[in-house]
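Peer 1: Going by the UniProt record's numbering, the sequence shown opens with residue 1, and the numbers climb by one from there.
In short, the hints are calculated from the structure, not lab data.
Backbone N, C-alpha and C fix where the C-beta goes; we use that ideal spot for every residue, glycine too.
Be a bit skeptical, because a hint or two may be false.
Pair ranges (Cβ atoms, derived) [said to hold, decoys possible]:
#1 Pro-21 x Phe-51: 53 to 59 Å
#2 Ser-151 x Asn-55: 45 to 51 Å
#3 Phe-60 x Arg-95: 53 to 59 Å
#4 Gly-104 x Met-128: 56 to 62 Å
#5 Gly-50 x Arg-29: 29 to 35 Å
#6 Trp-63 x Leu-23: 52 to 58 Å
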Amino acid sequence: MTQPTAYPGRPLTPVPAASSPELRIARLRTHGRSLLWPVLVLLAVAAAVGFFAGNLPAPFEDWMLWAAAGLVVLLLVVVPFLAWLSRTYTITTRRVIAQSGLIGRRRTELSHARGYTIAERRGPIQRMWGAGTLTLSNGIDAPLRLPNIPSVRLVHEVLADQVEVSQILAHRDSHSIPVVAPGA
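Start from the sequences and build out the full structure, keeping to the hints where you can.
Peer 2: Here's what the structure looks like:
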């Protein structure tokens with residue numbers, strides 16, 4: 001159910017104290033440029049294996065080359081990729097959720113309705129790529145740090161808007177008149 005508005009074209013607002021569904025606004029990972037070095041290592045290992053396969057000196061065999069290449073790829077390509085893949089940041093209409101970890105998951109949440117400050121830090125390389133680090137702090141809990149977020153300006157604006165809307169709705173709902181059904 002929605003309330004009618006007197007202004008055409010304005011979005012309809014939910015009835016006071018009505019529960020609105022939590023909607024996902026964005027799901028983010030850190031900027032993909034952190035995978036640049038693993039990609040370069042993978043290319044270098046592939047080139048080295050292609051060059052040295054079948055051309056190794058006498059005491060070495062091809063299986064040694066493949067084992068060394070596999071170990072280098074595992075440690076310098078697969079592990080950083082899985083570390084990058086395991087961290088997600090989700091922004092919903094009610095909260096910000098930070099999750100990390102492959103085996104043991106760690107989850108941190110921060111509610112928009114409680115309000116928080118948003119600090120943005122951008123280094124020179126981050127500015128070049130449009131990324132940055134956001135730190136969300138409500139003054140009570142430990143600050144929630146979202147490092148190396150792509151499109152950091154847009155994410156900053158979305159978070160500020162969500163805090164404002166959540167606080168307006170919470171204030172409106174706390175001052176609403178209860179609706180009594182007829183005949184009750």
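Peer 1: Determine for every hint whether it applies to the structure shown.
Peer 2: Do the hints match the structure? See the list:
1. Roughly 57 Å separates the CB atoms of Pro-21 and Phe-51, a value that falls within the hinted 53 to 59 Å.
2. Under the hint 45 to 51 Å, the C-beta atoms of Ser-151 and Asn-55, about 47 Å apart, fit the expected range.
3. A beta carbon spacing of about 56 Å between Phe-60 and Arg-95 agrees with the range 53 to 59 Å that was offered as a hint.
4. The hinted window of 56 to 62 Å between Gly-104 and Met-128 is violated, with their beta carbons roughly 35 Å apart.
5. For the pair Gly-50 and Arg-29, the supplied restraint of 29 to 35 Å holds, since their beta-carbon distance comes to about 31 Å.
6. As the Cβ distance of Trp-63 to Leu-23 is approximately 54 Å, the hint placing it in 52 to 58 Å holds.
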